[in-house]
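**Student:** So the chains spell out like this:
4 protein chains.
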Amino acid sequence: GVEAKGIAELPALHYREHLAKDLYYSMPITSVLFNGRSKFQSVQIFSTKHFGKVLVLDNKMQSAQSDECLYHESLVHPALLSHPHPEAVFIGGGGEGATLREVLRHKNVKRVVMVDIDQIAVKMCRDNLPEWNGGVYDDPRVEVIYDDAGKYLATSGERFDVVIMDISDPIEAGPGWVLYTKEFYQKLKRDSLREHGVLCTQSTACSVNMITEGFTVINQTLKKVRTAGQKLWVLPVCFQVFAHVCPYRIDIPSFGAPWGFHICSDNAEFLLSPDTPPGEIDELLEARLGADQIVKLKHYEGYAHRHMFSLSKYERLACEREKRLLSTDNPVFVE
Amino acid sequence: GVEAKGIAELPALHYREHLAKDLYYSMPITSVLFNGRSKFQSVQIFSTKHFGKVLVLDNKMQSAQSDECLYHESLVHPALLSHPHPEAVFIGGGGEGATLREVLRHKNVKRVVMVDIDQIAVKMCRDNLPEWNGGVYDDPRVEVIYDDAGKYLATSGERFDVVIMDISDPIEAGPGWVLYTKEFYQKLKRDSLREHGVLCTQSTACSVNMITEGFTVINQTLKKVRTAGQKLWVLPVCFQVFAHVCPYRIDIPSFGAPWGFHICSDNAEFLLSPDTPPGEIDELLEARLGADQIVKLKHYEGYAHRHMFSLSKYERLACEREKRLLSTDNPVFVE
Amino acid sequence: GVEAKGIAELPALHYREHLAKDLYYSMPITSVLFNGRSKFQSVQIFSTKHFGKVLVLDNKMQSAQSDECLYHESLVHPALLSHPHPEAVFIGGGGEGATLREVLRHKNVKRVVMVDIDQIAVKMCRDNLPEWNGGVYDDPRVEVIYDDAGKYLATSGERFDVVIMDISDPIEAGPGWVLYTKEFYQKLKRDSLREHGVLCTQSTACSVNMITEGFTVINQTLKKVRTAGQKLWVLPVCFQVFAHVCPYRIDIPSFGAPWGFHICSDNAEFLLSPDTPPGEIDELLEARLGADQIVKLKHYEGYAHRHMFSLSKYERLACEREKRLLSTDNPVFVE
Amino acid sequence: GVEAKGIAELPALHYREHLAKDLYYSMPITSVLFNGRSKFQSVQIFSTKHFGKVLVLDNKMQSAQSDECLYHESLVHPALLSHPHPEAVFIGGGGEGATLREVLRHKNVKRVVMVDIDQIAVKMCRDNLPEWNGGVYDDPRVEVIYDDAGKYLATSGERFDVVIMDISDPIEAGPGWVLYTKEFYQKLKRDSLREHGVLCTQSTACSVNMITEGFTVINQTLKKVRTAGQKLWVLPVCFQVFAHVCPYRIDIPSFGAPWGFHICSDNAEFLLSPDTPPGEIDELLEARLGADQIVKLKHYEGYAHRHMFSLSKYERLACEREKRLLSTDNPVFVE
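Residue numbers (the working numbering), protein chains in the order written: chain F, 4 to 338; chain Z, 4 to 338; chain P, 4 to 338; chain X, 4 to 338.
Treat the hints with care, since some could be wrong.
Said to hold, decoys possible - Pairs of lysine to aspartate or glutamate, EDC-like flavour, derived with a Cα cap of 16 Å:
no. : chain 1 : residue 1 : chain 2 : residue 2
1   : F       : 52        : X       : 25
2   : F       : 24        : X       : 325
3   : X       : 226       : X       : 325
Stated by the list, open to error - A short, non-exhaustive set of chain F residues, derived as facing chain Z with CB atoms under 8 Å:
no. : residue
4   : 10
5   : 13
6   : 52
7   : 55
8   : 59
9   : 61
10  : 63
11  : 110
12  : 174
13  : 280
Note that these hints are calculated values from the structure, not bench results.
Just so it is clear, the structure is predicted and the values come from calculations on it, not from any experiment.
C-beta: ideal position from N, C-alpha, C; glycine also.
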């Protein structure tokens, strides 16, 4: 047949991923798999030429087929390797099912509870993104609950070895900013973590021009939380919810920025740091996952870990200079 | 509740209506009602903030809720008023159903055959655009056939009082460019029109910077067609398929340009021209439609007719200077 | 040499002409001739691929090389033909110099005063747009003054046969909205027009989706102005500043919309209307301009005039339904 | 005064940084400092709201005020620290003057020759970007030559301790793709480097979806170059131009991607690697620059070095799987 030419061939439908009000990525959409709104947020699943299928919540890209491995491997493996025997894992959010996929690679894991507030978003991901959640919902270790993650933790009484917060950025209109507050972290540690418990949370963009919008605030919220009335000179050690707080980040092209995370634990012995020799991480990874799973990883290994946990000078200084904390009284919103 | 702010509120999905490769309108899409591809063309139906619902075929807007009345009233009423007793009407294309709607306002009309090649496009319009085709398919005067309009005319043997060509622009990849050729017009007049028969065809954009892409070529194809071997000095009157060819146009905001049409007939007596007094048109319109239908017209009346049929100097000169014809051997494609 | 390919060839710099906040034309800029800000407004002159050179004030396109003839011929010739002996002409605004160019084609004209508030904008147009103002500033009939047009009229005491208001739209931030108020029109008629005086003003966009933003308000301001305390039943004739107010419009592709104008006069005899036979206009035009100037016109002639002055039903109805007036107390701003 | 509102306030001029044909960043331009074309390439300097001033050559961003420190510190310091006594430094390209700025921080350096082919680009940067080259051209250690870097090296006979290639990507139309070929690297090492000589070259984008466009090819060109006729089993050591080739990268927001580099040397002793303890780098940096210069660095220090030199699994694998080399016969162009 005749090949189409001219305007009929130009991309007509475009998605804009805004980094700021007038600053955005523009990418053509080849098909619209879902374009709706749940009770909590707008939910969109598109096929794109450059990033494959993408999930967009409230106009922010959550995952792209081409590089979701970077996000999900980085979110899950350092946290689980930081725990001596991670058996019970909690995932807050995680609608794509890909965080679940990475957690299930760990042979130690016996139970994973995923609590996502948005059943429509989860269902749409199950239906439309099988490439990144295929089979995970059939795994007998998995329980999926549609509820607010904070509420579940507060009311269930269950304790976990690792808690992974895979939720949307703390935007003003979004469902989840409370899950970045000092109050949440304090309660989480006290009531929901077992001994040696590890918390890992996604922590917003980390680029030189956006790092102070959310990342440094989350960093300080995790590092400097103190209870009301406490003074700095009295009990400095107690000010911090977790004894160890490790920031790290990895560049994710579809997010248009390097992306930040934090791992927190009281247990120095198992906590992985930028100084851990890459070979040790590779050995630990093999012991925990086995060669058959390791070969499926696209990004994470010893040197990748070192890469992520070694900060630049501007990142180090930005955290040091941050004075703000996220609290229920004083939320700090990402745009 | 708290109002959403920031990036979550910015429009994320945008449609581009290209006037040329790098020149386009950009408009936000509020929902995607259909985004697919039929056997013949890409078919998209969106809701937009500025133009309401829109139908897009092969990346060109065909109708927008906010101004489809301008296009459909202009396409239908001058043609039907140009015929003394329009009883049988043929619509080539017309997938939205709105051309049908306007034709059915004429009390003389006893039969309308609409032949659209694309059943999927027609079905999607029936399902999603009831505001502009509500009820027309239930009218007993209407017959809808899914086929090539040219093939139907060639094989059915049926003759009509008015033929309305409401088809896509003659783009290289599109299904319909043959329906703009001299061969089609010659055959149409000979085999498919009754005595006093009128042809009306949409004729592409008419703006000062696009008029020579298609409009002037269609104008000359209708005006100067002659059969092979004929010489100009032998039978000058016969060179022209129709004795009278009247170009006209109306600006349609959602198309980003004034839009061109042509009415053709051999019957000078009834042919409406820029010199027809507006009052006569208003009288004729009332006789044919009745006051109850006239009140539903948003654009067409006597002065609107005069407006459309009075050309500017550049339009007149552009047609006079055009040398090209559209033939099956030498198609001229719109970009 | 090797031809450049790939990204280096894509257009990198784009101008957006907004019709509304999220609805815009996007066009590539091939060069930036001026990009600055005067005391009154932002001033930009670009070269574009599709429209040639363009002048942009406060982000609204004022003229494009490809179609400025449509705007300037439409603004000037109906007004001057509407006056029996136009000798003294006032131009408010007119920074491009193209309104001046059209006025100077009229042999009757003995004096033209152009008062533009923005010397920088005028100078940049003189330097960068010689194609559309070449030589006009050397014509001994021309006087150019850099001041507020309203202030000049109020203080100079000079009276004119024709006043042409070629100023920016009445936007909130712009320098000129006062020049669209009833107070201005009343004072203008009383103090600045000679007998048989004619006023013509550009009157903002006229498309079906924008006509009520400014056009219909200007229409009613010109038509229904009455002095305070007057009642409708007392002196109905006096309510209107001018006895005759004729709206008209022409589509201008680079503006993305049909554009509106109004001509006002007390003198019915010479006022041109949609019913004036095109042949009479062509004769009058020839008498006033001469064949050597007529050949330079690209748009205006008898049928073009009829085209512009014949309104559509929606335009007629939109004006009839409008209740608002523009006054200094109650400005109505175009977005 | 009254604040401007509406369309007059929207950004009208936008720059698009294309990552691929239809995938781009869009950012508003607040002013145009230069928009021209030299004999070699298009040259644009804009002010932007989000990235400050930016330099764009052939439609690719070369530096942005907000993050040029990331690029220039990463390009210069690892290379100079990799040499035991860097006294003579060559910069190929480097038009912004910021590479020069970073080189001049090193106290060992006695002579820097910067050879940039494009005098207009360099002059425009000197005039418009003083923030990132202030004073460097007055330093007596600096010589600037406007010529082809390859030609200068070939004809001058001068040898250097460190050669830094700070040139545009190897695009088909660009002036510099020859400077990424094996022939250039072979000749450079043989004729232009002193003993212990170090080469550092920028090496195009390194993101998961673009790494194979240029980065892996440059990696293999540097790693696997052999002279014609040589066989793998004969002289394996000779196959490689440099005994040590270290890839590294850093994310640069204004480039929309992590950016790649390579350092090459025969001298293992001084070559910095991902295993060098951060503390050693910090000590070396202090010895070479002094505390007064170190405080001016925004990005580079020991952990930042480790971050950059530790590759991810996909980066490691992408390089291992690459088969192509860049040669004058078989150029591989980046889009």
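**Student:** Each hint should be assessed against the structure and marked as holding or not.
**Tutor:** A quick look at each hint next to the structure:
1. F/52 / X/25: holds (9 Å)
2. F/24 / X/325: violated (39 Å)
3. X/226 / X/325: Holds - the C-alpha atoms of residue 325 of chain X and residue 226 of chain X are around 11 Å apart, at most 16 Å.
4. 10: At about 5 Å, which falls below the 8 Å cut-off, the nearest Cβ of chain Z leaves the hint on residue 10 of chain F intact, so it holds.
5. 13: holds (5 Å)
6. 52: Violated, about 15 Å.
7. 55: violated (17 Å)
8. 59: Constraint on residue 59 of chain F satisfied, holds at 7 Å.
9. 61: Holds: closest Cβ of chain Z sits about 4 Å from residue 61 of chain F, inside 8 Å.
10. 63: holds (7 Å)
11. 110: violated (39 Å)
12. 174: Hint holds; residue 174 of chain F Cβ to chain Z Cβ min 6 Å, cut 8 Å.
13. 280: Violated - the Cβ of residue 280 of chain F stays beyond 8 Å from chain Z, reaching only about 41 Å at its closest.
Hint compliance for this structure: hints 2, 6, 7, 11, 13 are not met, and every other hint is.
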